[in-house]
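With chain A's structure known, arrange chains B and C on it following the hints.
For the protein sequence lines, the chains are A, B and C, in the order given.
Under this note's numbering, the first residue of the first sequence is numbered 50, with each subsequent residue one higher.
Under this note's numbering, the first residue of the second sequence is numbered 0, with each subsequent residue one higher.
Under this note's numbering, the first residue of the third sequence is numbered 44, with each subsequent residue one higher.
These are computed hints drawn from the structure, not numbers from a lab.
Nothing here was measured: the structure is a model prediction, and the numbers come from that model.
The beta carbon of each residue, even a glycine, is placed where N, CA and C say it ideally should be.
It is possible that some hints are incorrect.
[Said to hold, decoys possible] DMTMM-like cross-link-like pairs, simulated, lysine to aspartate or glutamate; straight-line CA separation at most 25 Å: (1) B:K172 <-> C:E212; (2) B:K172 <-> C:D236; (3) A:K238 <-> C:D96; (4) A:K238 <-> C:D113; (5) B:K172 <-> C:E150; (6) B:K265 <-> C:E212; (7) B:K172 <-> C:D272; (8) A:K238 <-> A:E223; (9) C:K161 <-> C:D193; (10) B:K172 <-> C:D96; (11) B:K265 <-> C:E157; (12) B:K172 <-> C:E270; (13) A:K238 <-> C:D193; (14) B:K265 <-> C:D207; (15) A:K238 <-> C:E157; (16) A:K238 <-> C:D207; (17) B:K172 <-> C:D267.
[What the hints assert, rightly or not] Derived coverage of chain C by chain B (criterion: at least 3 residues anywhere in the stretch with Cβ under 8 Å from a Cβ of chain B; other residues may be distant): (18) 140–152; (19) 176–185.
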Amino acid sequence: MRRLHPFTLLAVAAALPAAAWIAPPRTGGMATVAAALVLIVLLDGRQVFTVARAAAFTAAPLWLFLFVLHGTTGLVETGLRLTTVVASSFWLVAVLPPPRLVEAMIARGWPVSAAFLFSATLSAVPALRVRAGHLVDAQRARGLRTRGGPLIRLRALRALAVPLVLSALHEVDERTLALETRGLGPGIKRTPLAPPPDSAMQRAVRWGILVACVAALAWRIA
Amino acid sequence: MIAALRVAGVWFAYGGRPALEDVGFTLTAGERVALLGRNGAGKSTLMRLVTGLLPPARGSIHVGDEDTRVAGPARLARRVGSMFQHADQQLFARTVREDVAFGPRAIGVPSAETAARVERALQELGLDAVADHHPYDLPAPQRKLAALAGALALEPALLVLDEPTAGLDRRAKRLVGNALSGCAERGAALLAITHDLGFAAEALTRALVLERGRLALDAPLARVLTDEARLRGFGLVPPPLARLSVAMALPGTPVRAQEVAAGLAKRCRA
Amino acid sequence: MSVLALDRVTFRYPASTVRALVNCSLEVDAGEIVAVIGATGAGASTLLLVAADLAPRVVGGELTGQVRCDGRAALLLPTPWTQVSGMASTVWDEVAFGPANLGWPRERIATSVERALKRVDSGALRDRDPATLSGGELQCVILAGVLAMDPAVLLLDEPTAELDPVGAERVWQVLRDLAHEGAGVVVATSDLDALPGCADRVVWLSQGRVHRCGLAAELLASPDLWEPDAPGSTAVAGVWHRAALPAPAPLTVRDVVARCR
Numbered sequence: 050m051r052r053l054h055p056f057t058l059l060a061v062a063a064a065l066p067a068a069a070w071i072a073p074p075r076t077g078g079m080a081t082v083a084a085a086l087v088l089i090v091l092l093d094g095r096q097v098f099t100v101a102r103a104a105a106f107t108a109a110p111l112w113l114f115l116f117v118l119h120g121t122t123g124l125v126e127t128g129l130r131l132t133t134v135v136a137s138s139f140w141l142v143a144v145l146p147p148p149r150l151v152e153a154m155i156a157r158g159w160p161v162s163a164a165f166l167f168s169a170t171l172s173a174v175p176a177l178r179v180r181a182g183h184l185v186d187a188q189r190a191r192g193l194r195t196r197g198g199p200l201i202r203l204r205a206l207r208a209l210a211v212p213l214v215l216s217a218l219h220e221v222d223e224r225t226l227a228l229e230t231r232g233l234g235p236g237i238k239r240t241p242l243a244p245p246p247d248s249a250m251q252r253a254v255r256w257g258i259l260v261a262c263v264a265a266l267a268w269r270i271a
Numbered sequence: 000m001i002a003a004l005r006v007a008g009v010w011f012a013y014g015g016r017p018a019l020e021d022v023g024f025t026l027t028a029g030e031r032v033a034l035l036g037r038n039g040a041g042k043s044t045l046m047r048l049v050t051g052l053l054p055p056a057r058g059s060i061h062v063g064d065e066d067t068r069v070a071g072p073a074r075l076a077r078r079v080g081s082m083f084q085h086a087d088q089q090l091f092a093r094t095v096r097e098d099v100a101f102g103p104r105a106i107g108v109p110s111a112e113t114a115a116r117v118e119r120a121l122q123e124l125g126l127d128a129v130a131d132h133h134p135y136d137l138p139a140p141q142r143k144l145a146a147l148a149g150a151l152a153l154e155p156a157l158l159v160l161d162e163p164t165a166g167l168d169r170r171a172k173r174l175v176g177n178a179l180s181g182c183a184e185r186g187a188a189l190l191a192i193t194h195d196l197g198f199a200a201e202a203l204t205r206a207l208v209l210e211r212g213r214l215a216l217d218a219p220l221a222r223v224l225t226d227e228a229r230l231r232g233f234g235l236v237p238p239p240l241a242r243l244s245v246a247m248a249l250p251g252t253p254v255r256a257q258e259v260a261a262g263l264a265k266r267c268r269a
Numbered sequence: 044m045s046v047l048a049l050d051r052v053t054f055r056y057p058a059s060t061v062r063a064l065v066n067c068s069l070e071v072d073a074g075e076i077v078a079v080i081g082a083t084g085a086g087a088s089t090l091l092l093v094a095a096d097l098a099p100r101v102v103g104g105e106l107t108g109q110v111r112c113d114g115r116a117a118l119l120l121p122t123p124w125t126q127v128s129g130m131a132s133t134v135w136d137e138v139a140f141g142p143a144n145l146g147w148p149r150e151r152i153a154t155s156v157e158r159a160l161k162r163v164d165s166g167a168l169r170d171r172d173p174a175t176l177s178g179g180e181l182q183c184v185i186l187a188g189v190l191a192m193d194p195a196v197l198l199l200d201e202p203t204a205e206l207d208p209v210g211a212e213r214v215w216q217v218l219r220d221l222a223h224e225g226a227g228v229v230v231a232t233s234d235l236d237a238l239p240g241c242a243d244r245v246v247w248l249s250q251g252r253v254h255r256c257g258l259a260a261e262l263l264a265s266p267d268l269w270e271p272d273a274p275g276s277t278a279v280a281g282v283w284h285r286a287a288l289p290a291p292a293p294l295t296v297r298d299v300v301a302r303c304r
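Same shape as in the complex, but just chain A (with noise of 0.2 Å):
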């Protein structure tokens, strides 16, 4: 799965959703969520339960907000949808490392700033867990209590969040700094290091999946 063109990866992570949302609710929504998860399944042996329990943890309070908005009417539906978006998405970042895509997108001449917001956006994450965890052991030294009722998780959160947030904004501001520095601007095209290899068969099959989509849709609408 990995040995594919990034773009392919992209279009089949996007296909889902599209076709979760085209699709007629609870038959639709029931096959893509599986076929979401067949391909989470697909990954390699030790992501299959990180990538499933990541994205498990983050659908179920979706539900649960969907619930306490609508009641049960058309819960299920939006549910399933949703939870279609929150599998691909999971799926895609475990099976695309930022890199990969960037150099994709520069071979094809994507403009660099475009590619470079792309991969920046996806590898901020790891930066950010690792100085949340630093955060985290700072306040708990200083008395921060982490375990307990909602309201002292809610304390805890704020002395989290708001330093977790106003650093990684800084750092933001720094790294433009630093990327500039190095180039990374408009107007040069950029050598390609390592351009991900594409096959005719690929590039059919995104735009067989674009044509369906499009397609499903206009019938649905008609």
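Okay, now just chains B and C, sitting in the frame of chain A:
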């Protein structure tokens, strides 16, 4: 008298990777100790164990009469004040004053006493003028001082610091040095991880050197700093004044600026 | 002929009433190392941003005065992790990031990367994942990445702040070698003990202005550096001053030994 910190036969590993092997030492009240060693030697790990963030795999760590395996970091905060690396990034309150007050409030110090402690800490670190500013309106070095003020306001029996002078200019380093002296004089034990051996020479008196997870040396700091060959063996570089002291064969081989200056004055006027 | 020249530069950050730089003039020649010293907030980082053409172009703000650079000026920041591109899975790719952005042909990139890795003595790390490196190793890799772009001027903001002493020594040695090869180097630093034998000239910034400027050997010996809010000088000069011994103060241990024989 109960020791401020007692580390006994401590082992720790991250997954399969050993980080600390059979480390043991004791700190008494008022002692000022430098924790030295090259990167990866285990210093930060030891700090996390002492603050109760991690439990030792083997052995025990006692801060006063609290066992770190039993008391969590929140409870240990009553005894241990800490400042980790990148402390400038941990501030979250709306004003510096509020952030410094966070620690004492969290450990249950009554408000009048908290206010008094916060004032003292702010004064010691020259932050009274900016006490009501938003922390992120201040440059990183000042935020670091604010983080230290937060640790001091806990009035801990043990103060543990990771690179307390990194990124600070001469004036700020002096403030930190004075604050740490004040703390030690009031009876706290100090344990500071530092690469700044010049600062260590001024502020600290005992050296614990970690090498590949083991305690390779426990000796008076002045003696360690003037033994260049040994220091280099540990991946450390002797500070200029220690080298000067040795090169000029000053009596007593002092390492602190005041004593080196005095020795030099005598030598060079003669 | 200077490779970098700032002429009466005044700069204000956006949404700020305070001027970060006031009337600063500076010239740097090829093969010269200029150190910028000053207390926190004196303007050293801002000076480098202006010289690197990042202020006001990327940062915003208002600039008056002239900035001229004879070629590319590259900036190295103190924190290695912020400068990692995030688009490279190996050190080699990380170093190649800059040259690739410049659109160079592959062969030129390859030669440049090899040479840069050798200059910072990090060839052994070429296949490692940058995320697994220590601070010192990573900073040298980022430096290699900047060097691989063949800058005419190298600007460094506290390059050794996050490094251990051994890592720091290595960086200073690399800078000395670079200057020998003809690059102009401007380094803002609070590690004053590293400057003798490395910096040719020193610029002392105070509250955004150039307070003093001169040859390193002379300026670092000045007793004014020991005023309360001044940045100080080398530790050796400090004790000489403290001992009230006759000026000019020696800067290194070797100087003292030679002086007192």
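Outcome of the hint check:
1. B:K172 <-> C:E212: 22 Å, holds
2. B:K172 <-> C:D236: Answer holds: K172 of chain B to D236 of chain C is near 15 Å, not above 25 Å.
3. A:K238 <-> C:D96: 21 Å, holds
4. A:K238 <-> C:D113: 23 Å, holds
5. B:K172 <-> C:E150: At roughly 49 Å apart (the allowed maximum being 25 Å), E150 of chain C and K172 of chain B break the hint.
6. B:K265 <-> C:E212: 32 Å, violated
7. B:K172 <-> C:D272: Between K172 of chain B and D272 of chain C the Cα gap is close to 12 Å, so the pair holds against 25 Å.
8. A:K238 <-> A:E223: Holds, at roughly 24 Å.
9. C:K161 <-> C:D193: With a Cα-Cα distance of about 14 Å, the restraint between K161 of chain C and D193 of chain C holds, given a limit of 25 Å.
10. B:K172 <-> C:D96: 32 Å, violated
11. B:K265 <-> C:E157: With Cα atoms ~53 Å apart, K265 of chain B and E157 of chain C exceed 25 Å; violated.
12. B:K172 <-> C:E270: 15 Å, holds
13. A:K238 <-> C:D193: Holds, at about 18 Å.
14. B:K265 <-> C:D207: Roughly 34 Å separates the two Cα atoms, so the pair is violated.
15. A:K238 <-> C:E157: This hinted pair holds, its Cα atoms lying about 22 Å apart.
16. A:K238 <-> C:D207: 38 Å, violated
17. B:K172 <-> C:D267: Holds - the C-alpha atoms of D267 of chain C and K172 of chain B are around 19 Å apart, at most 25 Å.
18. 140–152: violated (count 0)
19. 176–185: Answer holds; 3 residues pass the 8 Å Cβ test.
Of the numbered hints given earlier, the model fails hints 5, 6, 10, 11, 14, 16 and 18; all others are met.
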